[in-house]
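> For reference, the chains in residue letters:
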Amino acid sequence: MNTRTTHEPIIQMKNIEKHFGSVIALAGVSIDVYPGECHCLLGDNGAGKSTFIKTMSGVHKPTRGEILFEGRPMNFESPRDAMDAGIATVHQHLAMIPLMSVSRNFFMGNEPVKKVVGMNFFDHEYANQVTMDEMRKMGINLRGPDQAVGTLSGGERQTVAIARAVHFGAKVLILDEPTSALGVRQTANVLATIDKVRKQDIAVVFITHNVRHAMAVGDRFTVLNRGQTLGTAQRGQISAEELQDMMAGGQELVALEGSLGGTV
Amino acid sequence: MKSTLKALLMAAAVVAAPFVAANTASAEGEKYILVSHAPDSDTWWNTIKNGIALAGKQVGAEVEYRNPPTGDIADMARIIEQAAASSPDGIITTLADFDVLKGPIRNAVDQGIDVIIMNTGTPDQAREVGALMYVGQPEYDAGFAAGLRAKGEGVTKFLCVNHAIQQPTVGERCRGYADGLGIDLGDAMMDSGTDPSEIKNKVLAYLSANPYVNGILTLGPVSADPTIAALKENGMAGSIHFGTFDLGEEIVKGIKDGTIKWGIDQQPFLQAYLPVVILANWDRFGVLPGNNINSGPGFVTKDGLTMVEKFAGEYR
Amino acid sequence: MVDIAQTDERIKEISPLRRALIRPELGGMVGTVAVFLLFLLFASDSGMFAAQGALNWSLVSAQFMIIAVGACLLMIAGEFDLSVGSMIGFAGMMVAVFGVVLGWPMWLTIITTFAICLALGALNGWIVVKTGLPSFIVTLAFLFILRGFTIYIPQTIERKTIIGGIRDAAEGDWLAPIFGGKIGTSFFQWLGEAGVIEVFERGSRAGEPVVDGIPMLIVWAIALVIFGHVLLTKTRFGNWVFASGGDAEAARNSGVPVNRVKILMFMFTAFCATVFATCQVMEFGSAGADRGLLKEFEAIIAVVIGGALLTGGYGSVLGAALGALIFGVVQQGLFFAGVESSLFRVFLGVILLAAVILNTYIRRIITGER
Numbered sequence: 001m002n003t004r005t006t007h008e009p010i011i012q013m014k015n016i017e018k019h020f021g022s023v024i025a026l027a028g029v030s031i032d033v034y035p036g037e038c039h040c041l042l043g044d045n046g047a048g049k050s051t052f053i054k055t056m057s058g059v060h061k062p063t064r065g066e067i068l069f070e071g072r073p074m075n076f077e078s079p080r081d082a083m084d085a086g087i088a089t090v091h092q093h094l095a096m097i098p099l100m101s102v103s104r105n106f107f108m109g110n111e112p113v114k115k116v117v118g119m120n121f122f123d124h125e126y127a128n129q130v131t132m133d134e135m136r137k138m139g140i141n142l143r144g145p146d147q148a149v150g151t152l153s154g155g156e157r158q159t160v161a162i163a164r165a166v167h168f169g170a171k172v173l174i175l176d177e178p179t180s181a182l183g184v185r186q187t188a189n190v191l192a193t194i195d196k197v198r199k200q201d202i203a204v205v206f207i208t209h210n211v212r213h214a215m216a217v218g219d220r221f222t223v224l225n226r227g228q229t230l231g232t233a234q235r236g237q238i239s240a241e242e243l244q245d246m247m248a249g250g251q252e253l254v255a256l257e258g259s260l261g262g263t264v
Numbered sequence: 001m002k003s004t005l006k007a008l009l010m011a012a013a014v015v016a017a018p019f020v021a022a023n024t025a026s027a028e029g030e031k032y033i034l035v036s037h038a039p040d041s042d043t044w045w046n047t048i049k050n051g052i053a054l055a056g057k058q059v060g061a062e063v064e065y066r067n068p069p070t071g072d073i074a075d076m077a078r079i080i081e082q083a084a085a086s087s088p089d090g091i092i093t094t095l096a097d098f099d100v101l102k103g104p105i106r107n108a109v110d111q112g113i114d115v116i117i118m119n120t121g122t123p124d125q126a127r128e129v130g131a132l133m134y135v136g137q138p139e140y141d142a143g144f145a146a147g148l149r150a151k152g153e154g155v156t157k158f159l160c161v162n163h164a165i166q167q168p169t170v171g172e173r174c175r176g177y178a179d180g181l182g183i184d185l186g187d188a189m190m191d192s193g194t195d196p197s198e199i200k201n202k203v204l205a206y207l208s209a210n211p212y213v214n215g216i217l218t219l220g221p222v223s224a225d226p227t228i229a230a231l232k233e234n235g236m237a238g239s240i241h242f243g244t245f246d247l248g249e250e251i252v253k254g255i256k257d258g259t260i261k262w263g264i265d266q267q268p269f270l271q272a273y274l275p276v277v278i279l280a281n282w283d284r285f286g287v288l289p290g291n292n293i294n295s296g297p298g299f300v301t302k303d304g305l306t307m308v309e310k311f312a313g314e315y316r
Numbered sequence: 001m002v003d004i005a006q007t008d009e010r011i012k013e014i015s016p017l018r019r020a021l022i023r024p025e026l027g028g029m030v031g032t033v034a035v036f037l038l039f040l041l042f043a044s045d046s047g048m049f050a051a052q053g054a055l056n057w058s059l060v061s062a063q064f065m066i067i068a069v070g071a072c073l074l075m076i077a078g079e080f081d082l083s084v085g086s087m088i089g090f091a092g093m094m095v096a097v098f099g100v101v102l103g104w105p106m107w108l109t110i111i112t113t114f115a116i117c118l119a120l121g122a123l124n125g126w127i128v129v130k131t132g133l134p135s136f137i138v139t140l141a142f143l144f145i146l147r148g149f150t151i152y153i154p155q156t157i158e159r160k161t162i163i164g165g166i167r168d169a170a171e172g173d174w175l176a177p178i179f180g181g182k183i184g185t186s187f188f189q190w191l192g193e194a195g196v197i198e199v200f201e202r203g204s205r206a207g208e209p210v211v212d213g214i215p216m217l218i219v220w221a222i223a224l225v226i227f228g229h230v231l232l233t234k235t236r237f238g239n240w241v242f243a244s245g246g247d248a249e250a251a252r253n254s255g256v257p258v259n260r261v262k263i264l265m266f267m268f269t270a271f272c273a274t275v276f277a278t279c280q281v282m283e284f285g286s287a288g289a290d291r292g293l294l295k296e297f298e299a300i301i302a303v304v305i306g307g308a309l310l311t312g313g314y315g316s317v318l319g320a321a322l323g324a325l326i327f328g329v330v331q332q333g334l335f336f337a338g339v340e341s342s343l344f345r346v347f348l349g350v351i352l353l354a355a356v357i358l359n360t361y362i363r364r365i366i367t368g369e370r
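Chains as they are written, first to last, in our numbering: chain A, 1 to 264; chain B, 1 to 316; chain C, 1 to 370.
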């Protein structure tokens, strides 16, 4: 499956530590991500997933540790730096405005302009064309580029956000719990989108606490627990049950699972 | 959707109803429009409305009362332009701001509409805009007369409560009063605003800060009523010299119980009634009084309050 | 894997006619047609649609339009400005103080006034953006501050609250006619001579047409509406305005300079208020402390009738312009129709309510809000 891992990793995080005052949120986490793979980052609530991806996307500076991006040490001063380098984050809180049309949203902050008698105007024609094309590539047929984002389903909105990040040159795409609030069919759509993105040689970091979603598209799996990583596993080397146990920190869930009949 | 439609239909019905009423109610005969500068909230103008209504009924002319809802003089100019555009036989208007209103009034006159200036303005200004005549109480003169009288009654230091600071003509009353007393106006003119409790508290504060004040002038019911309440509260009612412009129910009561020495009646009824009658007779028979008409000032004291009391707020 | 590219059977096909109609301005368009029909029915013989009457309601509508354009863009950017009315009074008074009391040349007076008012607008915006306070509160403070100065300054300098003589001071100036002049005078002269419009019967202007040109106020209104519409719908800045009002956080995440957009929109609102004030003092020749009272609400009402969302992110400048037209036509039309003027507020309330209900319905269709 993960044939592309022979390349150099695009991003390497080495022994990342992050302290907030006396709280140690990350206690030495290492991970590397290769182009064209979907790297799943699993962990329960409070395991340090959010802190870790915020460090990766430049929101936080690590207290200790090193980040290598395309083999060079990187020091992101702001999310903007990370974005410019090609690290795009699709937040749980989507950067989408429901009242605005899909194409206006798609190009928000990066509007194409054309000159008419020396003045810059929003190039709606180009924007609409690109939006329709990109969305079709992701498998969504819009009624029109002027359709408001508010009329789209949650999964479709995620897809717009992903398509936007890809169009604007993301090399690493960080997806923060994209499936957590979605129904079954919409989840399937988003997972299909992830698969399409991976095939374009983009590295996907997929954060979730749902093992089944991770197993559906993941090439490798890293589990975070209480600010530490319990190692990275290849697809096929680990079962869903083992991942589930690692996330919960072992013993407790085993007992719980018995009483719930393996439904968790 | 259905309920939305229903709501809209009902709204349309509400909107249309007064049109129907207004059209069926229109009388035969000449049409005169009275334009005032008073905001909707100024109840004093009720007498004016009653005055033109009565005159209209008696002479058989159609009359309308128009005013800018917020008292904005620029809006009033638009109303005069609008009145002129609807081609009435005559316009009766106040001249609250000569600079703003002279253009629209002049245009109405040039269009062939007869204009009479009432209430605010001066005879000179009325002549300048081409009006037939002026009916009212020249503000400065009335204030001056009040000042002379107050001086004879022993006022040496005064407070003038001005609730209409944005209208310079009303302020003239304070200036005239000061000149009549022979005192410099200084900071004796208070911008009281129009809120009753604010006025009351400002007056209370001013009087406690300036203990030597022994005379108060208010410029109408809006400022007089709260001032009466203020004087009753601090115990100065009856002992401080208190004169006011205009009449109203509370003012009449105040005159009766001795809180107010006198009220200056500019007799607004005449300002509304007479122009309608004069315009009707001018249009029908070509007769016109030879001079401006001073509707005031008339000092109303405790004596002879019966008529005033009976018609206060209605025709007085 | 399901074929997710298929069309969702639950999204109904929309006919082209319906699609052309369903737009933010629809409420305004329906209202405009309804209002004109109503007055054609009840006031057609009153002179309302003769040249002079038409100019009358056009002028009032144009006044509303000028401030509505500013209020509309600001509202779409997610903010309010309650100080518009006070700004009108203040700007007019500044023109009077500089031009008449201090005797500056009129062009310098106008430019200085614009500079001061734009700076005040920027200050408004800067405070809102920096403190994160609701603009409602910040501009409410400015409503009082500016009105207070508008009364205090002339009273201190001139001992009165109205300063006149601006028209005389503006005589022969090159910039003043841009605000107080008229265009097309020779055309209207010709119309008067041809008997198309009435002429004055007597006085110094006998023989001149009762409408002798299009006042610059109307030209400004049209120009600002076009500018606002193009800015909002055809430029990238317009996209930022929508984004800032729709969700400031999401816009920031996408790299939109939200703070800059908001401050600029506050400045534009101040600009519109100053245009309004300058046109007014040039026409009437005096500045008064009570000018512009409650105009901020009239602007907001026009914008809301025009389909904008009070919470920002959605709206249309054309809609706001139609809202202003409805407002002006109704206000003046009631006089023409001979309706008791105190009923004006009843009408306004009914229209506002009807417009908001209709607009909410339209907006839900467009944006899929539930």
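Any given hint could be a false lead.
To be verified - Straight-line Cα separation of at most 25 Å, DSS-like style, residue types lysine-lysine; simulated pairs:
1. B/Lys157 x C/Lys182
2. B/Lys157 x B/Lys102
3. C/Lys130 x B/Lys102
4. A/Lys115 x C/Lys234
5. C/Lys160 x B/Lys102
Rather than coming from a laboratory, the hints here were simulated on the basis of the structure.
> Now tell me if each hint is right for this structure.
Outcome of the hint check:
1. B/Lys157 x C/Lys182: violated, 52 Å
2. B/Lys157 x B/Lys102: violated, 37 Å
3. C/Lys130 x B/Lys102: The hint is violated at about 47 Å.
4. A/Lys115 x C/Lys234: holds, 11 Å
5. C/Lys160 x B/Lys102: Distance of about 19 Å is within 25 Å: holds.
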